Amino acid sequence: MASDGHPSRGLPRSIRNAGWYLLLSVLSVAVLYPVWMTIVRALSEPFVYINEGQPFLPVAIDWGVFNTAWAEGVMGRSMLLTLGVTAIITIAQLVTSMLAAYAFAYLRFPFKTVLFVLLIATLLLPIEVTLIANIRTIRELDWLNSIQGLSAPFLASAFGIFLLRQGFMGVPSELRDAARLDGFGHIAFLRKVALPVNRPIVGSFVLITALGAWNNYLWPRAAVTEQRWETIQVALRSISVSRPERFNVGVAAAIIASVPILVLLIVFQKQIIRGLTAGAVKG
Amino acid sequence: MSLSASAPIQAPTRRRRSSRVREALLGYSLLAPAFIVLGVFGYYPLYRLVHFALYRPNRFGNGEVYVGPSNISSVLADEEFLDGLWISVKYLLYTVPTGLVIGMLLALLSHRRLRGIKVFQAIFSSTVATSVAVASVVFFGLVNPKIGKFGDVSFISLAKADSALRGVALTSIWQNVGLTFVIVLAGLQAVPDAVIEAARVDGFGPLRRLFRVTLPLISPTLLFLIVILMIFGFQSFAPMEILTHGGPAGATETLVFKIFQRRAPGQISEGSVMALGLFGLTFVVTLLQLTILNKRVHYGE
Amino acid sequence: MAGVEFKGVWKRFGDVVAVEDLTLEIIDREFLVFLGPSGCGKSTALRMIAGLEEPSEGTVSIGDEVVNGVDPRDRDVAMVFQSYALYPHMTVYKNIEAPLLTRPMEPPDGGAPRKLTKEERAVKVKEAAAILGLEAYLDRKPGALSGGQRQRVALARAIVRRPRVFLMDEPLSNLDAKLRTQTRLELVELWRRLGITFVYVTHDQVEAMTMASRVAIIAEGRLQQLGPPQDVYERPANLFVARFIGSPPMNTFDAVARPAAGGMVAQAGAAVVPLPAGLGVSPDQAVTVAVRPEHLHITADGPLDGIVRSVELLGHEQHVIIEVSGELMVIRQPSEEPDPVLGTTVRLSPELGRLHVFDQASGLRVE
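Chains E, R and S supply the protein sequences, listed in that same order. Heads up: the first sequence at position 116 corresponds to 136 in the working numbering, and the numbers run straight through without jumps. Heads up: the second sequence at position 143 corresponds to 152 in the working numbering, and the numbers run straight through without jumps. Heads up: the third sequence at position 232 corresponds to 243 in the working numbering, and the numbers run straight through without jumps.
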């Protein structure tokens, strides 16, 4: 927007572009500064680093810190556990959302509007609100420190149903008619037409759900009381914060824990951003 | 219609009715999985919160005694709750406007045709995917009083009660910058070029275009964003727990933090009232969004 | 193969009546075109044959079977949609194959209907693709095809299973003019080749005139006239049809029938136009007289007079627009005729045998 393609005012284009690059580079450095300092701290020997006044570049580099971090606590187990919980939540949410979204988009039944309002109203009941009641439920079910306890509250989501319903409703009505004439029943239409046609939306939804499940903090923090059931995000706290004198190991663990997310972000940047902006921007 | 003609359509009508029943049954069974989950972990807890709020465990821990609505009002009027509420509101004031303004500036600056702009855009959106726990650990390394590079900057010192919340807020601000950037940039990209060109032809300069055309057009996006940031702000927990554990002297105990601390059976009654308070707060923010959306905001169509 | 019959069919959407008391028999193997302005209920009628809509009242039969309440897939009909409704994520091959997947049908070697094997389906898909010249595109997705190619894929998908009735809902409206002309010819060719009943919906009278065995003209949910295109053109049953069919449309003027020496005349103000002998009008009956632009001529002694307002040259012919007592009338004449001078007054005479007369009150044709 602002001033692109607007020739002739003041400075020549090349100089103005150089100015933009300089400005954007400075801002990039500012945004990435915390990340860089974290990497520096992970690589530096902690006492030397603090004694030298926390310089911008690593000192007394020790690449072994990542091995130490991996062996610390039970990072491998934590990451595997988190991966499992993430997979369960993501698959379950996809299945429950797509079934419910299909019903809301294509089927006629009594109380549809009421049920839809009830569904949307659950957006007002985030886990922060329901936390202590849900913990009580999980405790009564004896699900503390278990995979089912970690995943149960997240097996369905109003957001997912809403998003997929929008997608399904966007399928042209003539395509639905054609499928009826071709003899597709509801299940066949869902599997062969509605889902594949909405692959971009489904993809974004899956990625956002997986990211959220992997990054979840409050619920696993409350639903777990034994260290061996800690998800990676919760484990990070005990690994890093509990012993500031060995903080290099802690931040190394944080870096390792971010690798899967980083890979996702690099590979699926477009889909993730589309998922994040769903609902915010029309069209 | 005539009698003779009515005979053949009887059968189809019945067939149609039964197919309608079948369709409804199919609908309900497709809804069932999602509604069971949302019922058990969404609505049932709401009911339980009200229940816990009205009852207290008895002295022996093996039963409940009814204490009634007075419990709710006394907790809501208590300093603990009001304190948590005020800290949560302050946290919003620290995190929402700052993150919003910085993120928006970055979006406005990088929404232009320039070779390699995608790289800058990727950098500016990068904070959005970091987990809140990782972000908290990152800022722990920067502002922790013992080992942080900026641990002794007094404006954000975690060691002092009057500045600790600002130090904690840095984590959320940093994450909000990424989220704001991503959403505002998407909003800017959705503004049709023709509108901007028309404004240019009308002789609007860059600033006037920004305030008279671009910002009004993306105002629904901005409003959505503000609400999201507010709700996220109210829900923040990891930064407090990891950076200060609520301290010093409870100065960073937000509402969610206090609720979390009261999850044990002995304090669940008080915690439930606070959770209902948080529910009310979320409700108001959302309602506000709907009202403003209906009245004030220019739609992009 | 089968005909289709509507018997007393009504379709209401809430308070809106889309189809009103439609009774109509579509003969086996004919090419029937539903023609009417948009929103007239013709698509709804077509969708009731397909089973995509159910009649509110009355019966629809295919062959000898009443199909009310029968699922679309069990009706053995195929349909081509205006948007083509191709599955965007499937290849052309898969699109054509789709209708073969779900229902039992007679295998190529004869015998009882059953689900076809993959090989048998391949034979049918290739056959349909060959008919429409799509062999080269079978592995492409619809997004990689031109509009005309997509349209042919939609046709192939519809003919692949040799339905009893072939339904088309404005299938040409998304094509450009040149392709439309060409496809019209191909559709008629396809109809001859397949020998099945075609039911075709359009708002374009050229499509109706060029392709139909019979045209059913529909307006405001009601059947206005049913007949071969030439009949409809030459003997419109009512004023609506008279004004709807033909381009430029018919010229009309209101008049009163009067007896005169040598038969009846139509009197409109000062003008007196003789009416054909034996016409069933009574003295003083209010009528609307209509004449097609090609049957109206500039003559020295015509009964009507008007002022030349404009002349449109179309190359092979010209349209002269003349204001006759406040109304515009159009004359269509060969371009060799001398150009009338704008603003001059000319006299007009209609060909006596080509006059159409309608009762003003009912709008019906008077014979």
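Treat each hint with caution, since some may be false.
Chain S side only, calculated, beta carbon under 8 Å to chain E, not exhaustive [stated by the list, open to error]: (1) Ser67; (2) Val81; (3) Arg84; (4) Met90.
Just so you know, these hints were derived from the structure itself, not from any lab. Nothing here was measured: the structure is a model prediction, and the numbers come from that model. Yeah, the Cβ is synthetic: ideal placement off N, Cα and C, and Gly gets one too.
(request) Identify whether the interface hint at S/Val81 stands, where standing means a beta carbon of chain E within less than 8 Å of its own. (result) violated (12 Å)
(request) Using 8 Å as the Cβ threshold, decide whether S/Arg84 counts as touching chain E. (result) holds (4 Å)
(request) Against chain E, run the beta carbon of S/Ser67 and see if the smallest gap drops under 8 Å. (result) With a closest approach of 17 Å, the S/Ser67 hint is violated.
(message) The hint names S/Met90 as touching chain E; please verify it with the least Cβ-Cβ distance against 8 Å.
(response) holds (5 Å)
Comparing the model with each numbered hint stated earlier shows that hints 1 and 2 do not hold.
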